[in-house]
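Chain residues, written in single-letter form:
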Amino acid sequence: MFAAKAAAAFFVLLALYCLLLRIVPGSDDGPGLYDTNVLKAQNYVLKNGDYDAVLVGSSMGSVVPIGEHSDRYFNMAFSGGCSLSGMEIIETCGEETGHYPDVVFVEISDALANGVDEDLIGRTRGIGMAWFNRIANRPDYLFYSLVKAVYYRNKEKNATDYAVMEDKLAFWLNAKSKAVDQEEMDAYIALTKEQVDKLKEKGCRVILLEIPNHQELHDLAECVQLRETALRYMPEDSYEWFCVDWADYVVPDAIHMGKHSAKMYTEKLVETVLQ
Amino acid sequence: MSLFDSTSFLIFLCVVALLYYLLPLILKKDGLQTLVLIGAGLSFYAYLDVFYALSLLGCCLVNEAFVAAMHHFRAKGNVRAKKVTAGIGIAVNASILFFFKYSGLFSSLIFGGGELTSFFLGLPLPLGISFYTFHAISMLADLSGGKDEEEGFWKRSAGTFCYLTFFANSVSGPVTKYNDFRPQIKRHFFKEVDLKKVFEYLLLGYFFKVCVANNMQNYTIGLTETDFSGSSPITILVEMFGYSCQIFADFAGYSYIAIGIALLFGYRLPKNFDFPYVSKSITEFWKRWHISLSSWLKQYIYFSLGGNRKGKIRTYVNLMAVMLIGGIWHGADWKYLLWGALHGLLLVLERMGSHLMPGKEKKKENAVFSFARMIVSFTLVSWLWLFFKMNGYSAVLSATKQIFTGWRYAMVIDTTALLMACFYMLPVFAFHAVYLVAKNGKCLKGKNWKYFFYGAMMLALLLNRGTSSAFIYFQY
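Protein chains in written order, with our numbering: chain A, 285 to 559; chain B, 139 to 614.
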């Protein structure tokens, strides 16, 4: 009797909860950065990868609001991650469903230490994609979506670009002033090239992006090293690159574009490549 | 099987339970259950690290030697020798604990840096040593009281090993007194197990650990900073109360799981938590938080020092001594000693207050005043938890200063993180609120309302699991 009552309560609540999930509008992001990453990856797989254009990369690319232009475009850049994880998800999802995006934007950044996020990828496969393992079905995500719908209803977060934070700029100027281990850089870019080539073989048009950082970082040792290494492995005559003048963009914390600049960048990207 | 909340542990638990109840039926031998528990306890430790299992085995062997000697002296009628043996045994146990846990701290204090200090600091800390050493001390102290019965070698040894290796509580408690545990070592039958209680304890425990504590850890990470001069007071306060809820959910969750597992094997472990955040004073808090440790310290240290029978000043000194020992027991770091000292100071001040205003406690308070006292006690306790979480007392000072002075400046506040922290505090507050409401007989009188909570907890366990992490108290 006890077990039956407990089970009955569980199923009634589950039914009510499913109803609530249908009523509350879902948010594009989750309560935490990692939740947002998993949410993006799971949403991509749930739609069978059926998109015209997908952007993969790190937090630098995640600020690019490509999805606002069309629901056929999808931003799968992961904060704290790198483009390798995104490309692997596109590839495995494509193998299963046969859908590959027409265009894949690949952010080429120095997110070397981030590496491939196996846990994240695991959460887009098998049991990781089970209904009860999806971020979009979590009560905390539901609460977050509700709060966001109410609290941010009339507020556009970061509507204008903040002024450049001098301490952050100083930190990155120092951090990127030295070249990193060339072997490590080679290994990372070689892996990126391998993934890019696989996507090209599947018929995807791959565009390599050098997402703008603060212009003062442009000619620092690490940025130059990354650019030269990437061009050595993926030269402009065989690979498509999309580069812009960093001076045109406001990057408040030195590495992530402000909201307004990110919109400008997206418009340029869409106009130049997709239209 | 590194954690109680891993799938491998649950499989292990099922296998052990099956062997525990089936083997005696098949082989028709009563003592097999105890052997299964000993084997399971040692395997549990060995799976985590062979060193842990060897340490525990060493502790069992050393203490069994003392117990055997005490039995020998008791048989000879030499009570004094028996008590001396118990005293030596307790000293040996305390020394082993001191060697592994505190030698580095005291070596750095006496000799400063250097090879000796590096050696001591590099010593691995056996898992659960603080808990099973306290069990061993309890066993020797209780046996020295002369209540032990005449037992054969195998039965006695099995009792010692079973008490010290019982995997449900040897890692992180609840600290169980030998006299309470030993009579329970007997044949248990599955039909006698209160499965409803087992389910309730396990569900509540896993809910608190997996859904509350494991998720809350993402929103209290900011407390590990060392400088809070740039943080907003609101953020610090929410994280402070959030950590208070996290440590409760983590440790109470663990304790409920341990009690549930023990019940599955027919053993009753003492209650470890009794809704501590409804306490209206620090004195009451210590009657509700980590009750098994408080009770152990009270019986074996506070009473041994004379308790409150030797005058007011001596009572204050004894309270302070117990809290200092309780503080340093948590870890070889001065911050724990300071944490214990501050709790001790508050206890002494409250005791002084009760001495100055005798009979005040008996008067019935109005609800608003009671609630205000509850809030003050919770705030004080939460502030003191900062010593646990933060990197040293300078960080605690920095955060405290910012709480009082930071309001003048406009700070960037991560509203989402604060809201999510509040979201995860809700179950802890609701848990305490339900207790208060039920205690005052306002509503929730019927029996069926609890099924709603069971359903909600099961739903949360299915959908809202946090990233797995070690129990906070596993390090102590």
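Calculated from the structure, these hints are not laboratory results.
Please read all numbers here as calculations on a predicted model, not as lab measurements.
One or more hints might be untrue.
Below, computed lysine to aspartate or glutamate pairings styled on EDC-like, alpha-carbon distance capped at 20 Å [unchecked claim]:
#1 A:Lys452 / B:Asp332
#2 B:Lys214 / B:Glu202
#3 A:Lys543 / B:Asp552
#4 A:Lys432 / B:Asp332
#5 A:Lys452 / B:Asp552
#6 B:Lys293 / B:Asp168
#7 A:Lys452 / B:Glu363
#8 A:Lys552 / A:Glu402
#9 A:Lys289 / B:Asp365
Here's how the hints hold up against the structure:
1. This hinted pair does not check out: Lys452 (chain A) and Asp332 (chain B) have alpha carbons roughly 59 Å apart, beyond 20 Å.
2. With a C-alpha separation of about 18 Å, the suggested pairing of Lys214 (chain B) with Glu202 (chain B) holds against the 20 Å cut-off.
3. Proximity of Lys543 (chain A) to Asp552 (chain B) is assessed by CA-CA distance (about 17 Å); at most 20 Å being required, the pair is judged to hold.
4. Our distance criterion of 20 Å between C-alpha atoms is broken by Lys432 (chain A) and Asp332 (chain B), whose separation comes to about 45 Å.
5. Proximity of Lys452 (chain A) to Asp552 (chain B) is assessed by CA-CA distance (about 18 Å); at most 20 Å being required, the pair is judged to hold.
6. Proximity of Lys293 (chain B) to Asp168 (chain B) is assessed by CA-CA distance (about 11 Å); at most 20 Å being required, the pair is judged to hold.
7. Distance restraint check for Lys452 (chain A) and Glu363 (chain B): the Cα-Cα separation of roughly 18 Å lies within the 20 Å cut-off, and the hinted pair is therefore satisfied.
8. Taking the CA atoms of Lys552 (chain A) and Glu402 (chain A), the gap is about 33 Å. The hint is violated against a cut of 20 Å.
9. With a C-alpha separation of about 51 Å, the suggested pairing of Lys289 (chain A) with Asp365 (chain B) is violated against the 20 Å cut-off.
Hint violations for this structure: numbers 1, 4, 8 and 9, all remaining hints satisfied.
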